[in-house]
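Q: Construct the entire structure; sequences and hints are all you get.
Each chain is listed here by its residues.
2 protein chains.
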Amino acid sequence: MVDLDFATSEFEQRTERAQTLMSEQSLDALLFMTEPEVRYFTGFRTLFWQSPARPWFVIVPKTGKPIAVIPQIGTHLMASTWIDDIRTFAAPHPDDEGITALANALTGSEKIGLPMGRESVLRMPLKDFRLLTSKLRHATFVDASPLIHALRQIKSEAEIAILKTICAIGSKSFGNAGSLFHEGQTLKEAFRAFKIDLIKNGADDVPYLVGGAGQGGYGDVISPPSEQRLQSGDVLMLDTGATLKGYFCDFDRNYAITHASETVQSAHRTLVQAAHAAASIARPGKTCADLFKAMIEVIGQSDSDVGRMGHGLGSQLTETPSLTHFDNTELGERMVLTLEPSLSLGGGKMMVHEENIVIRDGEPEFLSTPAEPDIPVIG
Amino acid sequence: MVDLDFATSEFEQRTERAQTLMSEQSLDALLFMTEPEVRYFTGFRTLFWQSPARPWFVIVPKTGKPIAVIPQIGTHLMASTWIDDIRTFAAPHPDDEGITALANALTGSEKIGLPMGRESVLRMPLKDFRLLTSKLRHATFVDASPLIHALRQIKSEAEIAILKTICAIGSKSFGNAGSLFHEGQTLKEAFRAFKIDLIKNGADDVPYLVGGAGQGGYGDVISPPSEQRLQSGDVLMLDTGATLKGYFCDFDRNYAITHASETVQSAHRTLVQAAHAAASIARPGKTCADLFKAMIEVIGQSDSDVGRMGHGLGSQLTETPSLTHFDNTELGERMVLTLEPSLSLGGGKMMVHEENIVIRDGEPEFLSTPAEPDIPVIG
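Protein chains in written order, with our numbering: chain C, 669 to 1047; chain L, 669 to 1047.
Simulated from the structure, these hints should not be mistaken for lab results.
Treat the hints loosely; a few may be bogus.
It does not matter which identical chain is meant; a pair holds if it fits inside one copy or across any two.
Said to hold, decoys possible - Straight-line Cα separation of at most 30 Å, DSS-like style, residue types lysine-lysine; simulated pairs:
| hint | residue 1 | residue 2 |
| --- | --- | --- |
| 1 | Lys961 | Lys1017 |
| 2 | Lys733 | Lys1017 |
| 3 | Lys913 | Lys1017 |
| 4 | Lys840 | Lys1017 |
| 5 | Lys1017 | Lys856 |
| 6 | Lys803 | Lys733 |
| 7 | Lys913 | Lys856 |
| 8 | Lys913 | Lys733 |
| 9 | Lys954 | Lys795 |
| 10 | Lys868 | Lys856 |
| 11 | Lys913 | Lys730 |
| 12 | Lys779 | Lys730 |
| 13 | Lys733 | Lys779 |
| 14 | Lys730 | Lys803 |
| 15 | Lys803 | Lys779 |
| 16 | Lys840 | Lys913 |
| 17 | Lys868 | Lys913 |
| 18 | Lys868 | Lys840 |
| 19 | Lys779 | Lys795 |
| 20 | Lys795 | Lys730 |
A: Below is the structure:
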């Protein structure tokens, strides 16, 4: 028995939207092999992607439902989705890991799109991809990255409902900071307590939890927790990507341990103000670069080690578009974004702040409970 | 402050072993871009790989330390490792996501190995890879999959110590099954309780937890938990890949809820016996196919939907080699393997059992506390 995350109509709509774009670009088929895309078109959700042993393929044809070309081990779970045409292959296999089955399924398609651009990966051996293209030598493979980005950037209300729930779970756990974190605790203990609290509050998983702590700021935003003990005057930051039904929240919160210096208080106010400056102009028709500039203006820095100040959010921790000075993607209704201004404080120290919003026809909707300007003092 | 997982000597030995194999194959450089390999040569461990936005590269030259070619956001954390030569690039970037920096670092290398074979992925956009090869048109790119498999398959005692600890954490949590799982509980609740117990017992994370439950067996081994309630007579199976310092345990346990049918009892005994049959012959010089055959003989089935009955284990949930009839990889001392016999019970039902072992000079060492032949009755 498998619980499905969405009604069949959700997948019908996704497929229709894809096929409309395919028709505009005269594409005969789309080929996907990565977890978010396979799940997007089929509803196939499993942690089995942790295993690199087997490739998984989904083809979106010009008309009709997607076709799954997958290892036998996935048959039972794929059969529980809305997909009817499930072609399986034995894997691991001594010399044919689905390539014959995939080539057969694509035979007759002349123009095949697959993601080859920004943020894409080829989740199959390069040797096998070369074998596939040699088997399909009458076909042309073109980049479908812009197509899949355009599709996935605009969420359905059903997707937003899940994102709202996981963000609420994140906000609830951050709200428990006063009882979870304290002076003298190691960062490892603090992270462990927070992760357990997220799961208790209903998160399926916490694939991403990073952060740091230090006097007057921290060194980076991607380190795992150390045995370092929280001290009075530290700024503690936790940034979490917890999941529900395969959808991520992605925001952080800063805490001052027992007291905050004026510099830290001021930096926190600036960061919160920067996020609100971006939110206040976030409307359909504005661009990612507009939001980036709104934050940079408040922060008063022209550059940052982080290089961007937010990104798309959904079934991946980070998705396109990026809030950078050069990303001119127009915002659209139901786009879900993180606003993530950061501030360099000198001496290798920094602070970062992050909120999650949905673009609406009018003011954006906050998914994370927005942080107050004053940094919370705990501990 | 970052805690390092290994002493510098560990990375020196890994690099030396790689360079010995490179010399045999006249390779000028190895190029890696995937998390396990970047971590293997540098010690760079972060959950930031959850974000697909940026590529990360490590080059192993013929002599000397590896070179990191990474986005600026990783500078602080990479500088805490043993790596000295860290070349950074701005990312996201409008049109050059590290390709110029990477091409510069590889200039002069004529024969470059990168993984292109079994279980490999190209973790960079295909367009960028094509750009890289066109910039390095005097270089030949060859498949380094066999080389990196050979290296990573044989663990160091330092790696085994971590694997032993995470397997012990898994065994401890499975030992708590009687208090964690009970009749009437939903599978979701059972999985949640188990995950929290693993984290409380010291696991850093639980990236993999799948399983199922049903009368007389379950349908597959890759489904996420549902709202289905545990009933008397169910067989409940949980299969966990919990991590410590980036290393996985990967084993499962079966439980009978309040009572077990004779068929289930017998199947469980057969599975445990099959795992021990493989363990009893697992010695350096034997092959993966030998272990597979030893299990198949006990089980008395010639085929299975799962297609393999175990695999390598380490910094990934599943690694090479595979325990299949066609994998003739010779076992070597300090290889860490899972033994994973499965049994089809008819009517779409199956049972699976898994243990983790280290190949030693003599009897293998069990990392998981071996299951008893009798299925535990709980609930």
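Q: For every hint, state whether the structure bears it out.
A: Hint check:
In the homo-oligomer, the alpha carbons of Lys961 and Lys1017 lie at most 30 Å apart inside one protomer (23 Å), although the nearest pairing across protomers, at 58 Å, exceeds that limit. For the identical chains of this complex, Lys733 and Lys1017 are inter-copy neighbours only, at 28 Å across copies versus 51 Å inside a copy, given an alpha-carbon limit of 30 Å. For a Cα distance limit of 30 Å, the shortest separation of Lys913 from Lys1017 across copies, 25 Å, qualifies, whereas the shortest one inside one copy, 36 Å, does not. Proximity of Lys840 to Lys1017 under the C-alpha cut-off of 30 Å is restricted to the intra-copy arrangement: shortest distance 28 Å within a copy versus 40 Å between copies.
Taking the shortest Cα distances, Lys1017 and Lys856 sit within 30 Å of each other inside one copy (20 Å), while across copies they are farther apart (41 Å). Only within a single protomer do Lys803 and Lys733 lie at most 30 Å apart by alpha-carbon distance; the minimum there is 24 Å, versus 41 Å between protomers. For the identical chains of this complex, Lys913 and Lys856 are neighbours both inside a copy (26 Å) and across copies (12 Å), given an alpha-carbon limit of 30 Å. In the homo-oligomer, the alpha carbons of Lys913 and Lys733 lie at most 30 Å apart inside one protomer (22 Å), although the nearest pairing across protomers, at 42 Å, exceeds that limit.
For a Cα distance limit of 30 Å, the shortest separation of Lys954 from Lys795 across copies, 29 Å, qualifies, whereas the shortest one inside one copy, 43 Å, does not. Proximity of Lys868 and Lys856 under a CA criterion of 30 Å is satisfied in both settings, with 18 Å inside one chain copy and 12 Å between copies. For a Cα distance limit of 30 Å, the shortest separation of Lys913 from Lys730 inside one copy, 28 Å, qualifies, whereas the shortest one across copies, 46 Å, does not. For the identical chains of this complex, Lys779 and Lys730 are intra-copy neighbours only, at 11 Å inside a copy versus 42 Å across copies, given an alpha-carbon limit of 30 Å.
In this assembly of identical chains, the alpha carbons of Lys733 and Lys779 lie at most 30 Å apart only when taken from the same copy (18 Å versus 44 Å across copies). Taking the shortest alpha-carbon separations for Lys730 and Lys803, only the intra-copy value of 21 Å comes in at or below 30 Å, while the best inter-copy value is 36 Å. Taking the closest pair of Cα atoms, Lys803 and Lys779 come within 30 Å of each other both inside a single copy (14 Å) and across two copies (27 Å). Both within a single protomer and between protomers do Lys840 and Lys913 lie at most 30 Å apart by alpha-carbon distance, with minima of 18 Å and 28 Å respectively.
For the identical chains of this complex, Lys868 and Lys913 are neighbours both inside a copy (15 Å) and across copies (23 Å), given an alpha-carbon limit of 30 Å. Taking the shortest Cα distances, Lys868 and Lys840 sit within 30 Å of each other both inside one copy (11 Å) and across copies (20 Å). In this homomeric assembly, Lys779 and Lys795 come within 30 Å of each other (Cα to Cα) both inside a single copy, at 21 Å, and across copies, at 17 Å. Taking the shortest alpha-carbon separations for Lys795 and Lys730, both the intra-copy value of 27 Å and the inter-copy value of 24 Å come in at or below 30 Å.
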